Structures are given as C-alpha cells and as structure tokens.
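So the protein lines, in turn, are chains P and D. Using my numbering, read the first sequence as starting at 1 and increasing by one per residue. Using my numbering, read the second sequence as starting at 1001 and increasing by one per residue.
Be careful, since some hints might not be right.
[As the list claims (entries may be wrong)] Under the rule of at most 27 Å between Cα atoms (straight-line distance), these lysine-lysine pairs were calculated in the DSS-like manner:
| hint | chain 1 | residue 1 | chain 2 | residue 2 |
| --- | --- | --- | --- | --- |
| 1 | P | Lys195 | D | Lys1095 |
| 2 | D | Lys1079 | D | Lys1107 |
| 3 | P | Lys107 | P | Lys95 |
| 4 | D | Lys1003 | P | Lys157 |
| 5 | P | Lys3 | D | Lys1003 |
| 6 | P | Lys95 | D | Lys1003 |
| 7 | D | Lys1195 | P | Lys195 |
| 8 | P | Lys95 | P | Lys3 |
| 9 | D | Lys1095 | D | Lys1107 |
| 10 | P | Lys195 | D | Lys1079 |
| 11 | P | Lys107 | P | Lys79 |
| 12 | P | Lys95 | D | Lys1157 |
| 13 | D | Lys1107 | P | Lys3 |
| 14 | D | Lys1157 | D | Lys1079 |
| 15 | D | Lys1095 | P | Lys3 |
| 16 | P | Lys79 | P | Lys157 |
| 17 | D | Lys1003 | D | Lys1095 |
[Claimed, not checked] Stretch by stretch, here's where chain P covers chain D in the computed footprint (C-beta under 8 Å, at least three residues):
| hint | stretch |
| --- | --- |
| 18 | 1032 to 1043 |
| 19 | 1046 to 1055 |
| 20 | 1074 to 1085 |
Source of the hints: derived by calculation from the structure; they are not laboratory data. Bear in mind that the values here come from a model prediction, so they are computed numbers and not experimental data. Idealized CB from N, CA, C, for every residue including glycine.
Chain by chain, the residues:
2 protein chains.
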Amino acid sequence: MEKSISLEDILSVEPFYRRHLINTITGFKGVHLIGTVSHRGTTNLGVFNSVVHLGATPPLLAFIIRPLTVPRHTYHNIKARGYFTINHIHEEILKQAHQTSANYDVKTSEFEAAGLTPQYTDTHPAPYVRESRIKLGLEYVEEHHIRANDTIMLVGKIVEILLPEEALTVNGHLRPERWGSLGVVGLDAYYRAEKVAQMEYARPERQPSE
Amino acid sequence: MEKSISLEDILSVEPFYRRHLINTITGFKGVHLIGTVSHRGTTNLGVFNSVVHLGATPPLLAFIIRPLTVPRHTYHNIKARGYFTINHIHEEILKQAHQTSANYDVKTSEFEAAGLTPQYTDTHPAPYVRESRIKLGLEYVEEHHIRANDTIMLVGKIVEILLPEEALTVNGHLRPERWGSLGVVGLDAYYRAEKVAQMEYARPERQPSE
C-alpha cells in the first residue's frame, strides 16, 4: 500500500524525525573525509556525504557546506588556503572517520582526536588521510550561496590523485568495492556495496544490455 | 604501493579513460530517475547520479545538469513547468531505468521508450515512475551556473513523498536496502548495498561506538 507524505506533514513532525527522514529519503550516498589546514596550521578533518561530480575536463567536483551560523572549519580553511583533500572511507577506519563529525574546537586537530595521520605531497598543501586508500587533492575554484537555506556549494578542481598502483582498470575505471570503500545512508548508517550489473552505453535503437 | 596521478596526467590521457576515471574516482553514489513533463505535454525521464541533500527545514535537494550545449530536456521542462520528481531505482527496473539515458529526440517520452509508467497525484504535476518504490515530488526553487565548466545546479523543495506504508522506522529513517534501492559507480555500474555499521552521534569527549 502506497502512502503519501505532504510538505505540511514534513514540516509539522518533530525536528529529529524530519532530519532523519530528509537525510535518508534519497537512499545511498558517497561518504568522504575532507581534509584541510587552517591559516594557523591546525589540520582539520570532517565527514561529508555530498560530494558530486561536475565534469571530467577539467576534473571538477563539488560538495555542500552547512550555513555559516557557527564556524565551519572546513569552509574557512579552504577559503584561507585554497586547497582541500577528499579521502575514501573503508571499514578499518570507519570509527575514526565517524569520530571526526564530533564538534571539536578550532584548536583541536580532528586527525589527532580521531587517531588518523596527515599526509602531504610535494604538489599539494592540504593534508590527505594516510590510512585512506583513494585520495584526491583539490584546488578551490568557486563557491555558490544557496539562497533558499544559506548552504554553500564549494567547487574544486582535482590536481592530484593518490591510489594503489593497481587500482584502475585498463579503461580507467575505479572499482571502489575492491578497496573497501563505503557509502552512507543519512549521517550515521555506513554501507558496503556489491555490483549487480555493468550496463552498456544506452542507445535509442536497441534494448538495454549488461 | 601508492601511485600519484597529476593534473597533467589526467588532462593528457585519452578522453574516454579520463571520463571513466573522474566519474568513478569518488566511489559510490546515489542513482535516481528524474521525471518531468514538457510545455507540450511530453513526459521525460532521465538517470542522474548527482542528487545531494541541502537541508531538512525546508526539505531541499539539488542535482547537476550538464552544460546546455545541446537541449537538456530535464532542465527545460523544469524551467517551463516548475516541478520534477526523483524516483529510486531498484533491481527489477534497472534495465528500463538505464535505457532512459539513451539520447531520444524531444518528441519521444522516455517513459514509453523504456517501458515505465507515469504516475500523477492531485498535488504534484510532474510524473512519478509508478514502478519505483520511493518517489519524491519537488518544486523548483533556484539554479546556479557553475562558471568553471557551465554545468548547472538545480535546487528543489520536496513537496510530496510517496513510499510503501511501512517504509520508515519509528524515528523517521528510510532503510533503502529493504526496498531494493540501488547505487551506482560512474555512469553504468549499478550496486546493491549492505549495512556494516550504525554509528552513534559523535561527541568530542567519548570514543566512537555503534
């Protein structure tokens, strides 16, 4: 039996229920650790579930920052330093990764608090997570203020990728399940994934096939 | 052994390889069918892997439209009519869903071409996918032009949710795996997911726990 929930229903339920509902209603999402460093040199790490692909040439990604009603270290560090990293989360670092979502003060490094190790390369000034297996280094490109609720979309260009030697197929595909990468539903339910189908490029004149 | 790929490497590889690499490098994503109807009344359906959560109060989502260098039916229909739907994809409709990514002309309904059924409610004018199990009806709110590559972020407000009677937990959580919802890696590899951990809300003064 199909049930309908109206906007009025959504706005009148208890706030925790509404937050769970709207955070989980789109289903599976990617989940990543975003690493930055402040103008004072304090490293910062946070869990995000909003990384999206914008394009391959140039290689651009974006993610969402919540309203700046309280200090958002990730946002301020990116604006101050111009760089950030996006790191996959796998099962062995899940607890440490989730712990970075706790509300630490500005002087505390979530790397230290959670027991993860900053990693730097010659070409990228923001900290990667050494324990992660697939790591992207990005340069800040532009930001967009979403008027409807004061969230911010930050756009970055991938300038470096760190990954295991044998991580990519001959065609350039990453198979994240081979490296234990996780996904998330809402803010706190972590998932592993299993491939059910590899589809061919779809064309109007023929039937879909695997 | 960890390997490093530079921006120069990314920009100098063969375009198909680069597209696969950048589309898959962030790992798992959500995947959804977005339904619209044109000003002439032709229904349209397309697969998208870029739906993100912006906030719960009001309930806002966003997704990415590729550059308007060719007609983007989803974009033009939303701008003309003001409404769209976001529908989960499950295994039994995977082939039909993927087929909607084929490049049909403006007069062809991807619903008909793929063998899916439009569904309307009294409160929402854009077509849902009847065969989907979790369906969101949204009203257009605002758009953002990403200067770096001419993609567009469209923001919508959830005004209706259709789902099975027993789909939500007492706390408002959706468990998408119970309804067969799928995720995607890149554009063509579809995944089912399995929960590995439900974490507690993280606090600075204590250890992470499930």
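**Message:** Against the 27 Å threshold, does the CA-CA distance of D:Lys1157 and D:Lys1079 hold or violate the hint?
**Reply:** Holds: D:Lys1157 and D:Lys1079 sit about 14 Å apart, inside 27 Å.
**Message:** Quick check: do three or more residues in the stretch 1046 to 1055 of chain D have a beta carbon closer than 8 Å to a beta carbon of chain P?
**Reply:** holds (count 7)
**Item:** 8 Å C-beta criterion, at least three residues: is the stretch 1032 to 1043 of chain D covered by chain P
**Value:** violated (count 1)
**Message:** Given the hinted pair P:Lys107 and P:Lys79, is their Cα-Cα distance within 27 Å?
**Reply:** Within the cut-off at roughly 18 Å; holds.
**Request:** Starting from P:Lys195, check that the Cα of D:Lys1095 is at most 27 Å away, please.
**Result:** Holds: P:Lys195 and D:Lys1095 sit about 14 Å apart, inside 27 Å.
**Request:** Measure nothing beyond the straight line between the CA atoms of D:Lys1003 and P:Lys157; if it is 27 Å or shorter, mark the hint as holding.
**Result:** It holds: about 19 Å lies between the C-alpha atoms, which stays within 27 Å.
**Message:** Need the status of pair P:Lys95, D:Lys1157: alpha-carbon distance at most 27 Å?
**Reply:** violated (33 Å)
**Message:** Against the 27 Å threshold, does the CA-CA distance of D:Lys1079 and D:Lys1107 hold or violate the hint?
**Reply:** Satisfied, since the Cα-Cα distance of roughly 18 Å is no more than 27 Å.
**Request:** Measure nothing beyond the straight line between the CA atoms of P:Lys95 and P:Lys3; if it is 27 Å or shorter, mark the hint as holding.
**Result:** Judged against 27 Å, a Cα distance of about 36 Å means the pair is violated.
**Request:** Take a quick look at whether P:Lys95 and D:Lys1003 sit within 27 Å of each other, Cα to Cα.
**Result:** holds (26 Å)
**Message:** What's the verdict on P:Lys3 and D:Lys1003, does the C-alpha distance respect the 27 Å limit or exceed it?
**Reply:** violated (50 Å)
**Request:** Please work out if P:Lys107 and P:Lys95 have their alpha carbons no farther apart than 27 Å.
**Result:** With Cα atoms ~22 Å apart, P:Lys107 and P:Lys95 stay inside 27 Å; holds.
Hint violations for this structure: numbers 5, 8, 10, 12, 13, 17, 18 and 20, all remaining hints satisfied.
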